[in-house]
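Make the full structure from the sequences, and use the hints.
Chain residues, written in single-letter form:
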Amino acid sequence: MDTPRKVPVSILTGFLGSGKTTLLNRILSEEHGKRIAVIENEYGEVGIDQALVINADEEIFEMSNGCICCTVRGDLIRVLGNLMKRRDKFDYVLVETTGLADPGPVAQTFFMDDEIREEFSIDGIVTLVDAAHIEQQLGRSDESTEQIAFADVLVLNKTDLVNGEALDRLEARLRDMNRMARVVRSERANVSVDTVLNLGAFDLDQVLERRPTFLEPEYPFEWTGVYSLDIGRYELDLADGPDPAMSLVVVSDQGTDDAALRESAEWCVRRYAEPAEIIRPGEKIPVGKHVNLQLNSPGRKSFFLEVDTPVRVGLYAEHSAEEFDLQLTNAEGATIRQEVERTWVAQHEHDDEVGSIAIERDGDVDPKMLDAWIGELLSERGVDIFRMKGFISLAGESHRFVFQGVHMLFDGQPDRPWGDSPRRNQLVFIGRNLDEQSMRQGFEACLI
Amino acid sequence: MNVASQKGVLRRGWSAAVGDYAIAGGWTLRGDALVVGDAAGGVYAFDGKSGASAWARQGAHDGGVLAMTIHPSGTAFATAGQDGRVLIWGVAEGQVKQAIDIGSSWVENVAWSPDGQWLAVSCSRQVRAYGVDGAEVWRSDDHPSTVSAIAWSSEGELATACYGRVTFFDAPTGELRQKLEWQGSLVSIVLSPDGDIVACGSQDNSVHFWRRSTEQDYMMSGYSAKPSALAFNETGTLLATGGGEAVTVWSFQGSGPEGTRPGVLEFHVQPVTTLAFARREMRLASAARDGTVAVWSLERDGKGRSIGSAVLAGIGAELYWRPDGRALAALDARGGVTVWRIG
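Residue numbers (the numbering used here), protein chains in the order written: chain A, 4 to 451; chain B, 89 to 431.
Because the hints were derived from the structure by calculation, they are not lab data.
On a predicted model such as this, the values are computed, not experimentally measured, just so you know.
Hints may contain errors.
Chain B stretches covered by chain A per the calculated footprint, using a threshold of three residues with CB under 8 Å from any CB of chain A [as the list claims (entries may be wrong)]:
(1) 144-157
(2) 179-188
(3) 220-227
To give an idea of the chain B side of the interface with chain A (calculated C-beta under 10 Å), a few residues [unchecked claim]:
(4) L117
(5) D135
(6) S138
(7) G139
(8) Q170
(9) W194
(10) G252
(11) S273
(12) R377
(13) G423
Taking CB as the label site, the calculated pair distances span [to be verified]:
(14) D423(A) x G147(B): 33 to 41 Å
(15) T261(B) x G378(A): 51 to 59 Å
(16) D91(A) x V184(B): 18 to 26 Å
All residues carry an ideal CB built from backbone N, CA and C; glycine is no exception.
See below:
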């Protein structure tokens, strides 16, 4: 019997007026060589001849597969069941949801029905966001929050109606809610088709390629500069900047390679957790201590560093050097160039209930313990976990184990062999009110 | 195209091919012809004895055929498709006698009443009845969700299934006669010949049935897959169900099937896709996703034994016994049409 490739499905969500129909028409006109089926729940204005547009009445119901009960879309099961019979398979299926739809049932349909799971795979969930109205919508409805949390791609549309600063703020807020998604800005849904189709969005490697820092831990500091200093008295000089004060830890005997920087960063996290010593302009900065430089007086401010043996120091600062035009000068007034500079993913406030958690750990995982942990996590918190994906290094397995999930549904399989690459684990969860610390501890307990 | 191998009562007959997945078909002209519709929208007729092509009409339904029903006279049939149309055909000449535009949605079900007077059609949440001339007689109000299956419970009454409900309509007037409710996604419907028992396959791997006279409902669960294939025998004593690799047969004799053990017929290695009882006989045919076809001889308690088997080139799609029970036609996913004589 044939085992044909699975037909990729994209789910297009977004509130009424966010530009779904415009984007859909754009995709269909640009991909005119392909056989594309569009399943809609609202009578849209899709007017492209070669696309098969199917109207279906949204039919949501609870379905159980023995152990898990969740909502699915019955109309999709029927329509897709018929579409998959054609010998000349569709290249692509697009499911456009109604503005107020929760994307959960659509995504879950592709896990729950055996026949659908055999023939189709979700390529990605694309959420259109009306930049001018999303803030209001987020305040008013759970659906818009869920649409953002579920997305693989967030198209921030109608950017011409919002000023640049507000847009940056909005984008930061959306990224906070969903760190897994790629954010694309557009004016009239004029994004390139590649950014919304054939994403292989459930492939975490691609996500990492696009945003290699997103799994990095967050630090209470943003910037590190490493300076090689002889014996003497040095002046740390700062101009006016965004804050009336800045925290800093000076590390002595600082190495310049990445491992040394990370090691000191971990050490500094603990220092940052301690109460800061207040340092005013003209005062000396102690080494190895959490200090808080007072910067509220106007103009340039100078602080002092004293070195009694030649040493390399690392400055772990709350803000980047540029923000305060930070300069280090010696007694002769010559500026000392930093040997190495590095920025860190800074911690920031998470205002929304919905957020992302990323876990990255080296080593192997005990399959039984992982199974028990995931099982418990999903049964207790599955309602609040919108999406998850990642890969795992299972003890005794030669291949990476990749997984993805929607709410309580979990689907995983072996992927490429580890070969010589270091064995490690990466997991991303997007959900509501997730307890990051207990999830991290839960996963760490599975490590061998 | 492989010629299927066969064993037991299944004797070599003929095989032919249509253009795509063979969706639906039926014997016409008392078995002198077999008509078939495919997923590419083509409609074909074959000589019942030789399999020679009588006529072929490609692209009759833009997007594909979804359903077919044979008029009881055997001289006409109707097809429904993704193009939102119903076509009424003359068998002999292969001409469309009536074309009915239903709307822009798929027309998923079509069924002629047992007396041939009414043609029932479902599209989206609505069911409509047409006369033989293609004129609309009535249309229902919207169902709570899309109508997933329809069946005639008697000459004068139509049954529909949708999410959460089975509804009965008076055929000449469209008046609503009875509603049987159950919160489940019903995917198929079958009625006992006396119209009293209505059984539905449900998306949640169960079969739900009601005795209309008492409005009592019952559920048979424990299936490993969705039991969309259902068939009653002619006396209404046996209900055969798919829903997994095995065929499960419930006996309605005595106080059954409640509290009884069904007959479990094991042969297929993938889920059963379609079931068909031969008329006047305790013979059941089954086909499965693995392409296997089996013929079973059943006992009154639902137990049975295989008396013939064969393998198709693709997933088994539909099975049709010739009205005299002396031949069996199988449609498959690769467009194969296979007919066996029954020994």
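Tell me, which hint numbers fail for this structure? Violated hints: 2, 3, 4, 5, 6, 7, 14; rest satisfied.
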